[in-house]
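J.: Produce the entire structure from the sequences given, and follow the hints as far as they go.
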Amino acid sequence: MAAGGTLFIVATPIGNLDDLSPRARATLAQADLIAAEDTRHSAALLRHHGIATRTIALHEHNEREASAELVRRMQAGENIALISDAGTPLVSDPGYRLVRAAREAGVAVSPIPGACAAIVALSAAGLPSDRFVFEGFLPAKSAARRATLQTLRGETRTLILYESSHRIVETLHDLVAEFGGEREAVIARELTKQFETVLDGTLAELEARVAGDANQQRGEFVVLVKGAGDDDAAAILAEGLRVYKILSAELPPSRAAKLAAEITGAPRKALYSAQGAAEA
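Be aware that the sequence shown starts at 492, since it is given in the working numbering, and climbs by one per residue.
Be aware that one or more of the hints could be misleading.
[Stated by the list, open to error] With a straight-line cut-off of 20 Å between C-alpha atoms, the simulated EDC-like cross-links for lysine to aspartate or glutamate are:
#1 K749 <-> E730
#2 K632 <-> E661
#3 K760 <-> D723
#4 K736 <-> E753
#5 K632 <-> E669
Don't read these hints as lab results, they were simulated from the structure.
T.: Here it is, written out as structure tokens:
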């Protein structure tokens with residue numbers, strides 16, 4: 492049974508301040524307190540909509556400690572609204588610990604829907620949208636980033652990534668290296684803002700376009716990559732089986748399958764079952 496106040500998870504605009512929904516505005520105005528990722532950043536949004544509710548900071552560095560106090564306040568009857576710098580909280584943003592703590596304490600948690608950059612970009616990309624996977628931000632260092640991409644090469648769903656301005660060129664380069672330059676992709680930049688740009692083409696074309704235009708390296712990015720087709724998936728599986736065969740000569744089958752999957756991006760279970768069928 493929920494007790495006391497409510498934790499409202501409020502989606503805010505990803506750029507255009509007028510995208511705040513009437514319900515979100517009313518919730519923020521009527522809350523006893525707003526927990527914001529960056530109170531200085533959120534101040535512009537609140538001023539724009541005439542919202543005078545007091546704010547406190549809740550970010551990755553203080554969330555664990557702050558959550559306990561916020562839960563106590565809600566148990567005492569206060570209503571608290573959680574917002575991030577932009578978009579839907581918890582999607583590559585802080586808030587998970589607070590939501591979990593609130594639910595464990597029996598506090599009601601109510602989502603107030605609105606913008607999410609990943610979904611906004613997907614809606615305009617022209618890539619298959621019936622099945623997709625959100626990976627958020629890739630690792631900052633190239634070696635770790637490429638290792639992660641290797642595990643995603645055989646993914647058949649549309650892949651959605653977030654990226655920053657200072658890593659977009661490097662990430663596109665690594666995508667070309669791991670997925671091949673001919674894979675279809677879309678880059679959505681500065682969505683809902685003055686310099687909104689949505690570029691489509693192959694990964695190789697997009698890498699060249701962004702690398703050659705400093706203006707296309709500014710802002711916040713959503714990168715969408717078309718999933719592997721049947722031919723791509725078959726080639727990845729074939730390479731995975733080749734590597735698995737080499738490794739299995741020295742390692743137990745389960746370990747060989749795990750390593751071959753990490754190296755090639757082929758599905759581990761598919762490697763193990765396919766090799767087993769071949770040996771039967």
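J.: If a hint holds in the structure, say so; if it does not, say that too.
T.: Structure-based check of each hint:
no.	hint	result
1	K749 <-> E730	holds (14 Å)
2	K632 <-> E661	holds (10 Å)
3	K760 <-> D723	holds (18 Å)
4	K736 <-> E753	holds (14 Å)
5	K632 <-> E669	holds (15 Å)
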